[in-house]
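Undergrad: Each chain, written out:
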Amino acid sequence: MEPIRYVDTLAEKYGALGFPPYDWSRFDDAPLTPLGKPLSACVVSLLTSGGVSRCGMPPFQADARNDLRLDSVAPDAPSNDFRIHDSYYDHADADVDLNCVFPIDRLRELAAAGEIGAVAPRLWSGFMGRIYKRQAVLQDKAPALAEMLRADGVDLLVAVPA
Amino acid sequence: MGLVCRVVEEAGIATVCVSTGRDITALVKPPRSYFVNAPMGNPFGQAGDVATQTRILRAALSLAMECKDAGRIVDDPMQWPAPFAFNPAPPTAEARERQLRK
Numbered sequence: 000m001e002p003i004r005y006v007d008t009l010a011e012k013y014g015a016l017g018f019p020p021y022d023w024s025r026f027d028d029a030p031l032t033p034l035g036k037p038l039s040a041c042v043v044s045l046l047t048s049g050g051v052s053r054c055g056m057p058p059f060q061a062d063a064r065n066d067l068r069l070d071s072v073a074p075d076a077p078s079n080d081f082r083i084h085d086s087y088y089d090h091a092d093a094d095v096d097l098n099c100v101f102p103i104d105r106l107r108e109l110a111a112a113g114e115i116g117a118v119a120p121r122l123w124s125g126f127m128g129r130i131y132k133r134q135a136v137l138q139d140k141a142p143a144l145a146e147m148l149r150a151d152g153v154d155l156l157v158a159v160p161a
Numbered sequence: 000m001g002l003v004c005r006v007v008e009e010a011g012i013a014t015v016c017v018s019t020g021r022d023i024t025a026l027v028k029p030p031r032s033y034f035v036n037a038p039m040g041n042p043f044g045q046a047g048d049v050a051t052q053t054r055i056l057r058a059a060l061s062l063a064m065e066c067k068d069a070g071r072i073v074d075d076p077m078q079w080p081a082p083f084a085f086n087p088a089p090p091t092a093e094a095r096e097r098q099l100r101k
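As given, the protein sequences belong to chains A and B, one line each in that order.
If you're matching positions, the first sequence starts at 0 in numbering that gives the first Met the number 0 and goes up one per residue.
If you're matching positions, the second sequence starts at 0 in numbering that gives the first Met the number 0 and goes up one per residue.
Here chain A stands alone, though its shape is the one from the complex (with noise of 0.2 Å):
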């Protein structure tokens, strides 16, 4: 089947109940930083956005606005260990096996097989969706990721957003 479109779902679905368009951000290019290393050398972190939480912390807010929350995540923790909260999206699936949308139990796999140099001391859940304040992504808190995955000693960051 054709990509669903959903900036004309959303702009739809929304706009129904009274919701002005959401304002995407729109870009003709990108910044592009090369990976200065194999694969096999770089230490990789992972960085959902699905409302995905260690069961020892509060939930995420399953209808959240603007919510900067962002969560750090242990390199060894339990992939049965996590609950989503998020009402944006369908994570069935990823109830039963975190891998669907945050590969961790993959990504130590790739580790120990020497695919990748290792697991980032921390991986990240946060910057769920419907976050209107953008500049408090652009200025701070996405600054602040970046500096902290520089700490880490990160060559290489999979996003996955939701």
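Do not rely on the hints blindly, as some may be mistaken.
Computed spacing ranges between beta-carbons, pair by pair [said to hold, decoys possible]:
1) Glu65(B) / Asp22(A): 28 to 36 Å
2) Thr91(B) / Leu67(A): 15 to 23 Å
3) Asn86(B) / Asp75(A): 29 to 37 Å
4) Asp75(A) / Arg57(B): 16 to 24 Å
5) Thr8(A) / Thr91(B): 16 to 24 Å
6) Asp151(A) / Asn86(B): 34 to 42 Å
Hints in this document: simulated from the structure, not taken from any laboratory.
Just so you know, even glycine gets a beta-carbon here, dropped at the ideal spot from N, CA and C.
Dock chain B against chain A, hints included.
TA: Same frame as chain A, but now just chain B:
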């Protein structure tokens, strides 16, 4: 999330996005994107499908390694086994109230 990737990349750390929203990705242009035509809750495939999860993660990592043209989107070949739609829960009454007051 695309914005976060752009900021992290600008700070000198490589990023790759594994996306299920091709149109949004094309607008926001994260530095590198691997597009999987699957429901939003299944960017790495189905529950228990270890082979597909590994294949998609590997493909994303390879893209990070090889991609030299910024903003590129690479399409995963997987065909999702059934048609799917996007059905977010409607905003809460409180969120609607807030919006309508604006």
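Undergrad: Are the hints correct? Go through all of them and say.
TA: Comparing the hints with the structure gives:
1. At about 33 Å, the beta-carbon gap between Glu65(B) and Asp22(A) stays in the expected band of 28 to 36 Å.
2. Between Thr91(B) and Leu67(A) the C-beta distance comes to about 19 Å, which sits within the given range of 15 to 23 Å.
3. A beta carbon spacing of about 35 Å between Asn86(B) and Asp75(A) agrees with the range 29 to 37 Å that was offered as a hint.
4. Asp75(A) and Arg57(B) have their C-beta atoms about 21 Å apart, which keeps the hinted 16 to 24 Å range intact.
5. Judged by the Cβ atoms, the range 16 to 24 Å given for Thr8(A) and Thr91(B) holds: they are separated by roughly 19 Å.
6. At about 37 Å, the CB distance of Asp151(A) to Asn86(B) agrees with the hint of 34 to 42 Å.
Going down the numbered hints, you'll see the structure goes against none, and every one checks out.
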